[in-house]
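Protein chains: 2
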Amino acid sequence: MVPLRIYRHLIPQLAAAARSLSAPKVAASASCAPRPISPLPALAMAAYGTGACADSKLLFRQLFEKESSTYTYLLADVGDPEKPAVLIDPVDRTVDRDLNLIKELGLKLIYAMNTHVHADHVTGTGLIKTKLPGAKSVISKASGAKADHSVEHGDKIYFGKLFLEVRATPGHTAGCVTYVTGDSPDQPSPRMAFTGDALIIRACGRTDFQGGSSDQLYQSVHSQIFSLPKDTLLYPAHDYKGFTVTTVEEEVAYNARLSRDKETFKTIMENLNLSYPKMIDVAVPANMVCGFQDPPSKV
Amino acid sequence: MVPLRIYRHLIPQLAAAARSLSAPKVAASASCAPRPISPLPALAMAAYGTGACADSKLLFRQLFEKESSTYTYLLADVGDPEKPAVLIDPVDRTVDRDLNLIKELGLKLIYAMNTHVHADHVTGTGLIKTKLPGAKSVISKASGAKADHSVEHGDKIYFGKLFLEVRATPGHTAGCVTYVTGDSPDQPSPRMAFTGDALIIRACGRTDFQGGSSDQLYQSVHSQIFSLPKDTLLYPAHDYKGFTVTTVEEEVAYNARLSRDKETFKTIMENLNLSYPKMIDVAVPANMVCGFQDPPSKV
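Protein chains in written order, with UniProt numbering: chain A, 1 to 299; chain B, 1 to 299.
Do not rely on the hints blindly, as some may be mistaken.
[Unchecked claim] In silico lysine to aspartate or glutamate, EDC-like type, Cα no more than 16 Å apart, as pairs:
#1 241(A) / 208(B)
#2 278(B) / 208(B)
#3 241(B) / 96(A)
#4 66(A) / 239(B)
#5 241(A) / 92(B)
[Claimed, not checked] Chain A residues, not near chain B, derived (Cβ > 12 Å throughout):
#6 70
#7 71
#8 80
#9 100
#10 130
#11 144
#12 150
#13 212
#14 213
#15 241
#16 242
#17 253
#18 279
#19 288
[As the list claims (entries may be wrong)] Here are some of the chain B residues that sit facing chain A, going by a computed Cβ distance under 7 Å:
#20 64
#21 67
#22 96
#23 99
#24 209
#25 242
#26 244
Rather than coming from a laboratory, the hints here were simulated on the basis of the structure.
Remember, it's a predicted structure, so these values are computed and weren't measured experimentally.
Where a beta carbon is used, it is the ideal one built from N, C-alpha and C, also for glycine.
Okay, chain A solo, but in the shape it has when bound (with noise of 0.2 Å):
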């Protein structure tokens, strides 16, 4: 078992330096022109109580980019004054609404993260990084990306009071974590996982690439994603046909591929004939320094 590391004692200094970032100002000048963002003082706009700890609480968003189906989450603490919040797989393409979005809720986003290195899609790490120098990447050691931060296996990374523990679940890539809310009365209920490309709504990621290994990635969903609770909402990285949550109870009786044996599940991963991924060879080496590792300016 990989000890803990708590990125918690992070926060005060991450908080202090996103505080003495300069916001950019919006012109106003015009009638029709945006209005300059002031950010909400107040904001009263979780989804999710978390029960019996009134002073955490999580505000969630999903986003989408079209072109790659790819899923952003947002969560913050927004019963911590400093509203720490961290992105779950952002995309290149939709950076600015990400940070546009978290500029107007007044959020103070701590870490980008990574749930793999992804083949369909450059990460907005980099680039977040660039945009919003208090932000720190975060991807798993396993997945020998770089990044600021390499999570492992049991790993739990805060932001406020409410903490992502880390679960190893290779098989699509040997780097695939899911990150999972926490399971104590001050957290999400129902708890959450992010799931990357591990799970997705009644299927799973190939595992023809990177590392893949369909007897892996069996024992990986069976194991960490299988066992949590039966009403654990389930995130995936993408989703082709609309869908935008499940839940493990659903995936274990509905999923195409992963509620069938371990044999059936492996001959269907290996008759699935997919062509090769069309953004692979520039999505892969860009992701493997996090989009772009350092900010511009230090390269």
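Since chain A is already given, all that's left is putting chain B on it; use the hints.
Below, chain B alone, put in the same frame as chain A:
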């Protein structure tokens, strides 16, 4: 004030009708073929608890149709043994997806509802009624469209112990309504409003067709939507930028059109210079009869 009309009394009959339908079977001959659907017996997949009243519990799903960028919403009371459900703004192209999900989740669809006569896609209501004769169509009386139930401002539409309140929000079309969850301890918290095209995230529907009026839309949104509690979750009929949800508080602050004064809003709406809607000549006539009002066998 239009008197309340409560549809709750219809539920036992509708539930009985739904029970009497023989569920179509799915073939499962080959090992890799889709498995038959056995609806989950003891479903625990609600994203929202409803607080004080343990026997009403909202299941909520947001579904997306890419071609018209339409959101369809599924709501069910899974605290009720019958799991009565409603679909808001279903699209013809995604009816099979939606009905399959409803079947998997073991829900009884009682109402297929529209917020208005859409100009950009054909509603799924007609197809749903063909495939699931127990389901009834719902639209506003002011729309002039045919439906099983023509609702008016102030009506409550019950599914189990949960209900949606009808609020007239004309301006995009003359018959637009917003469906809002109830305001009592046994209803979802925070409240949720399904705004159709009256309000979309940071914007609104056009006002130059179908009895549209910018003056009326401004009045509708400010009196019927912005007056809701600031943490009310707003779910629009469309989004073109990958957002999934907003709140009253956010839109009051940041809606690029509706947060302005009325005269500025009207100037913005008069100068949008939008092209003629591609689908309007097909969609509106079809949607005036809810896709098609009667199942083909009766035509």
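Hints and how they fare:
With a C-alpha separation of about 32 Å, the suggested pair residue 241(A) and residue 208(B) falls outside the 16 Å cut-off, and the hint is violated. Straight-line distance between C-alpha atoms of residue 278(B) and residue 208(B) comes to about 14 Å, which keeps the hinted pair within the 16 Å bound. Restraint check for residue 241(B) and residue 96(A): the C-alpha separation of about 11 Å stays at or below 16 Å, so the hint holds. Between residue 66(A) and residue 239(B) the CA atoms are separated by roughly 11 Å; this keeps the pair inside 16 Å, and the hint holds.
Between the alpha carbons of residue 241(A) and residue 92(B) the distance comes to roughly 14 Å, so the proposed pair stays at or under 16 Å and holds. Residue-level check failed: residue 70(A) sits 9 Å from the nearest beta carbon of chain B, not beyond 12 Å. At roughly 9 Å from the closest C-beta of chain B, the C-beta of residue 71(A) falls inside 12 Å, breaking its exclusion from the interface. Against chain B, the non-interface label of residue 80(A) holds: every CB pair exceeds 12 Å, the least being about 17 Å.
Distance check for residue 100(A) against chain B: the nearest CB is about 9 Å away, which does not clear 12 Å, and the non-interface claim fails. Look at residue 130(A): its CB is around 21 Å from the nearest CB on chain B, clear of 12 Å, so calling it non-interface holds up. The Cβ of residue 144(A) lies farther than 12 Å from every Cβ of chain B, with a closest approach of about 29 Å, so its non-interface assignment holds. Non-interface status of residue 150(A) relative to chain B is upheld: no Cβ of that chain comes within 12 Å, the nearest being about 29 Å off.
The Cβ of residue 212(A) lies farther than 12 Å from every Cβ of chain B, with a closest approach of about 19 Å, so its non-interface assignment holds. Taking the minimum C-beta to C-beta distance to chain B, about 19 Å, the non-interface status of residue 213(A) holds against the 12 Å cut. Not every CB of chain B lies more than 12 Å from the CB of residue 241(A), the least distance being 6 Å, so the non-interface label is violated. Under the 12 Å C-beta cut-off, the non-interface status given to residue 242(A) relative to chain B is violated; the minimum distance is some 4 Å.
Annotated as non-interface, residue 253(A) brings its C-beta within 12 Å of a C-beta of chain B; the closest such distance is 6 Å. Against chain B, the non-interface label of residue 279(A) holds: every CB pair exceeds 12 Å, the least being about 18 Å. Distance check for residue 288(A) against chain B: the nearest CB is about 25 Å away, which clears 12 Å, and the non-interface claim stands. Evaluation of the residue 64(B) hint against chain A yields a held restraint, the C-beta minimum of about 4 Å falling below 7 Å.
The beta carbon of residue 67(B) is not positioned within 7 Å of any beta carbon in chain A (closest approach about 10 Å), and the interface hint is therefore violated. Checking residue 96(B) against chain A: minimum C-beta separation of about 11 Å lies over 7 Å; hint violated. The beta carbon of residue 99(B) comes no nearer than 14 Å to any beta carbon in chain A, farther than 7 Å, and the hint placing it at the interface is violated. Because the closest C-beta pair between residue 209(B) and chain A is about 22 Å apart, greater than 7 Å, the hint is violated.
A cut of 7 Å between beta carbons decides the hint on residue 242(B): the least distance to chain A is about 4 Å, and the hint holds. With 7 Å as the threshold, the beta carbon of residue 244(B) comes within range of chain A, its nearest partner Cβ sitting at about 5 Å, so the hint holds.
Of the hints listed earlier, those the structure fails to meet are numbers 1, 6, 7, 9, 15, 16, 17, 21, 22, 23 and 24, in rising order.
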